[in-house]
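These protein sequence lines are chains A and B, in that order.
So the first sequence is numbered by my numbering: it starts at 16 and just counts up by one.
So the second sequence is numbered by my numbering: it starts at 1214 and just counts up by one.
Any given hint could turn out to be false.
[As the list claims (entries may be wrong)] Label-pair restraints from in silico Cβ distances:
| no. | chain 1 | residue 1 | chain 2 | residue 2 | range |
| --- | --- | --- | --- | --- | --- |
| 1 | A | D41 | B | M1214 | 54 to 60 angstroms |
| 2 | A | P220 | B | P1268 | 33 to 39 angstroms |
| 3 | B | N1278 | A | E541 | 27 to 33 angstroms |
If you're looking for bench data, these hints aren't it; they were derived computationally from the structure.
We put the beta carbon where it would ideally sit given N, CA and C, even for glycine.
Letter by letter, the chains look like this.
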Amino acid sequence: MPAPQHLIMAPILIPFITGALMLLYDERQRRAKLTLGIASTVALLAVSIELLNLAKGNRLPGDSDIGIYLLGDWQAPFGIVLVLDRMSAMMLVLVALLALPAMVYSAAAWHRQGQRFHALFQFLLMGLNGAFLTGDLFNLFVFFEVLLAASYGLLLHGGGQLRVRAGLHYIAINLAASLLFLIGVSLIYGITGTLNMAHLAVLIPALPTADLPLLHAGAAVLGLAFLVKAGIWPLSFWLPTTYMAGAAPVAAMFAIMTKVGVYVIIRLGLMLFGASAGVSAGLGAEVLVAGGMATIVFGLLGVLASQGLGRMAAHLVLISSGTLLAVTGFALAGGSTEMLAGGLFYMVSSTLAVAALFLLLEPMSREDGGIAAMLALTADAWGHEESEDEDPEAGLAIPATMTVLGLCFGACLLALAGLPPLSGFIGKFAILSAAIGTSGDIPAVTWGFMALLLLSGFATLVGLVRVGIQSFWGVDVTVPKVLALEIAPVIALVAMGIVMSVKAQDTMTYLSETAEALLNPLPYIETVATAPRVATGSGAP
Amino acid sequence: MMELVLSLAIGILTASGVWLILRPRTFQVITGLCLLSYAVNLFIFSMGRLTLAQPPILPRGGLVNPELYADPLPQALVLTAIVISFATTALFLVVMMAARGLTGTDHVDGREPDA
Chain A
16 MPAPQHLIMA PILIPFITGA LMLLYDERQR RAKLTLGIAS TVALLAVSIE
66 LLNLAKGNRL PGDSDIGIYL LGDWQAPFGI VLVLDRMSAM MLVLVALLAL
116 PAMVYSAAAW HRQGQRFHAL FQFLLMGLNG AFLTGDLFNL FVFFEVLLAA
166 SYGLLLHGGG QLRVRAGLHY IAINLAASLL FLIGVSLIYG ITGTLNMAHL
216 AVLIPALPTA DLPLLHAGAA VLGLAFLVKA GIWPLSFWLP TTYMAGAAPV
266 AAMFAIMTKV GVYVIIRLGL MLFGASAGVS AGLGAEVLVA GGMATIVFGL
316 LGVLASQGLG RMAAHLVLIS SGTLLAVTGF ALAGGSTEML AGGLFYMVSS
366 TLAVAALFLL LEPMSREDGG IAAMLALTAD AWGHEESEDE DPEAGLAIPA
416 TMTVLGLCFG ACLLALAGLP PLSGFIGKFA ILSAAIGTSG DIPAVTWGFM
466 ALLLLSGFAT LVGLVRVGIQ SFWGVDVTVP KVLALEIAPV IALVAMGIVM
516 SVKAQDTMTY LSETAEALLN PLPYIETVAT APRVATGSGA P
Chain B
1214 MMELVLSLAI GILTASGVWL ILRPRTFQVI TGLCLLSYAV NLFIFSMGRL
1264 TLAQPPILPR GGLVNPELYA DPLPQALVLT AIVISFATTA LFLVVMMAAR
1314 GLTGTDHVDG REPDA
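Excised from the complex, chain B in its bound form (with noise of 0.2 angstroms):
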């Protein structure tokens, strides 16, 4: 059930976000963007097997059975993978902004279709 909800969150992000940045103005691709981050952070989650109430820090000294812990590793990929993400979507935002500015329409070619 937990994988069935999981798969499908992510699936839903991704498709939504891969139809919203192949839109034609810059907030959509900026929206998309987002959404496919959101749905490539629950994947990288995801790959560490997916497990309830389990810790992911050894305790000090000792043999443990790594079966009762969380595996750490994805869960520090996401951490890092969440705030590269982060600043590189809000220097996109930054660019979109000035481009709104310079060009004076949100198209992402910089001019509307028709004009």
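Same shape as in the complex, but just chain A (with noise of 0.2 angstroms):
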């Protein structure tokens, strides 16, 4: 068989493998945990990126773009395949690229703070490429339930109260979101009789009317199930105090697990109820347009309300998954490529800032109250623990504290408001231009939109330089000990966003590709059907 084929199973097999090696170690030997773990990343990293390129040069078999993994070489709509496109390899490679700043960022302090903790991420990297890389409905839930898993163990990292409150809220709320995951797939099931994505996408059109009622029920409480996770407006009131809850380089891949749900909808709804779905096109675009833009306002003014940076960041998180959910009901009624182009651009430089951003936090206000408390008491916790290594590897602190802070608080503030020359600032701006350039009139929610969009860079920007003027510039600012190793991850983020603005015209090319192939996803549902057996004509009937 040739190699490529089997590549695009390893996202999910190198950190399963990992994960389950790091439990047979003790929890003493965290430094090979940690070894372990930044080794299965890196492999992650490249695996990614070559899939990447795979994609991109449609060196996949067939010269398509499309690379199919029959799991145990059982035909499409019977078998589960797993499916590499643009869209996937491109979420892949934001997952490695988040995942290991965050967890070089947890070797300074996090990592001791609590059990398991390495063992739990690579699991959570484990759902996290599994969602993106299957192609079949219920294999989906299957690999939502194991990054779920392991995210209540990483939320609950660390313990102490406000976590343990916090971690009941978010699995109670994950719960009843997946049993409405399991309705919306059954329904669907019983109604075409298949959970292949792209066999759906083929007998959706051909539906009698009189089943199509069911379906749209159906599809409509799955993509409730998705809407929760990413935070859509009334659905979102657990997400503040979970992401302010967690462990900073678990906030920073949290900033990913709204995306999912993001990229979820973006695929089915495209996918199954895109242009050429017959009657039931456009199901759902509504929704999506007015619960982004109530999303947006609810983040707005949470920005402009919050205190302190954590629930500042954590609103954030949710105007950016705001954004993107209306720019994909508006791809969903018939939008045009630039736009859906624009909002995967900002999907990936919002995701990297915000990542940054919560990587950040910590180390910014470990001086003032909130946090050093929160430690205390998990130090506490663990108190036995924490008293025998008395920071041995604490490692080198960093020279001019402020000025670093500072420059890369900046940073993420250009990027996440918008302005140039950051790479946030290209996001939006393919976005409007997008917005602004379809012929004709513009409808009134067109403009709404774009005033919402510009609104919240606004909001962005007025709420993070409030909190910046009082911890760069106050007069009692007192500098903070911040560690080489809690430091580099942050510019490492910051500096992919500024590698993405420098390299626009490159990201902007195969993102436009990606967006094009979303629109149209016939020859992506035609590999799929076509998919050749390795083993053919051999063994039972």
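Using the hints, build the complex out of the two chains.
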């Protein structure tokens, strides 16, 4: 068998095997676990970049940009398939790019604050990668549960009353959302008799009219489950508290968790209810646009009202996913490729910037109350262990702390508020220019969305500048001790944003091709349906 | 008749579950989640259509009439869903006990409403 086919499986297998191996190590061998984890994440990054290059250069089997992996060598609608296309390759790279800094950051202090941090982290990566790769609805549910189960553990990492309380709400919400997921999947299966996404896209336009209401109900219930994860407005009250309670590296990884919900909505929405879906075309587009805009308003007000940087960063997550949901809604209602491409650019850039902000948060506010008290509480819970290794591996503190912190903070601010020259500006600019560029009259909804997009950037600017002035220009600023291990990941994440804006042409080209493929899923559907088995004609019927 | 009994069962389980997860005590919430997951499992099972005394596994070789067999896929899905919801409920139970220990109350907000 040719090599690239098995490579598609690697992003799931690498973290799975590493995570399982880590369970064999005793909790005291943290250094070994860290080494294993970093090795695994580096391998993951290499594999993802290779897969991205394969998809980009049309070098997958059959000279296409879509790769299929038939699990157990079962023909497509009967077995589970993994599908690699431009979109999923991009998400894989994004996961690996976030995971590496988060893991390095955890080495500074956090991975000592509780048990099994590294194993859970690997299982989270496995769930994320699986969710991005799978082409089967029920398999998607399983990978969602893997990543959620790992995220429950990671959220509770470090213990303490605040986290346990936030964790309780988070788990209850997600258990309920999983039940909605199951109801939606089984309704869709009951009507169409298939769980394969590509096969569903073939069957839906041909369904008898009598079955359509039930199918739409199933799709809506399923969509609800993802919207809870994406944090759309009336379903997002759990999000700020949860993200605030998580340990810094965990919160940075959570920055991509809302994007999993958005990813599934983009993928399923555009494939099942895109332009070719007949009567069902554009199902839920209005809900996505209205909900997305409501989410932006909620996040915007939240940013302005927040007292601490943690709560502000969590509301920035909401603004980002609201923008994406609205863009998806516009795309579903027959929007342009440029707008979706701009939305994808914005997604990558805002995820990186929010993750950097979450990592920056803890060193910045180390000296004042809130988080310092939380850390002390954590240390209490694990007190007996902490006292033995009183920072023997604390490492190097950096010089000119405030300058470095301030520069990183400024870069995050520029990227999130969408000011030039950083990547956030290019993403927002692409969305806006596509919204204006449509021929003829611009509908009122689009005007409203554009106004909100600009306002949300303005609110981000106001909110973050307020925090920046307090932290960096205050009279009684105490300089925190920040380790190189803590600041290097932030600089790396910021640098990725800078690379994205320097290489904007290349990134945009890739993303417009991705958006084109998403809006025209026919090649995807055909590739899945005709994927050849490896062993032909042998074995039992 | 069979359909009526099953849909009534699912409906009653769901209604009780929804009512319970909206209650303020953690024990009520977890009971509600359990009831809801039973309802969902029955629902998935019913999506394979209700049949009596039909095997889900085809015999080896030859062509068979699929109308004489039950749909095996929902049964497999139910099995997976049961295992997953069992595990996550157990995890929720642990967190619930931890919250009870840390906050000294079984209210979902971690404090009594009037305290």
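Is 33 to 39 angstroms right for how far apart the beta carbons of P220 of chain A and P1268 of chain B are? holds (34 angstroms)
D41 of chain A versus M1214 of chain B beta-carbon gap, inside 54 to 60 angstroms or not: holds (59 angstroms)
Quick check: does the Cβ-Cβ distance between N1278 of chain B and E541 of chain A fall within 27 to 33 angstroms? At roughly 32 angstroms between Cβ atoms, E541 of chain A and N1278 of chain B fall inside 27 to 33 angstroms, so the hint holds.
When each numbered hint is compared with the structure, no violation occurs for any of them.
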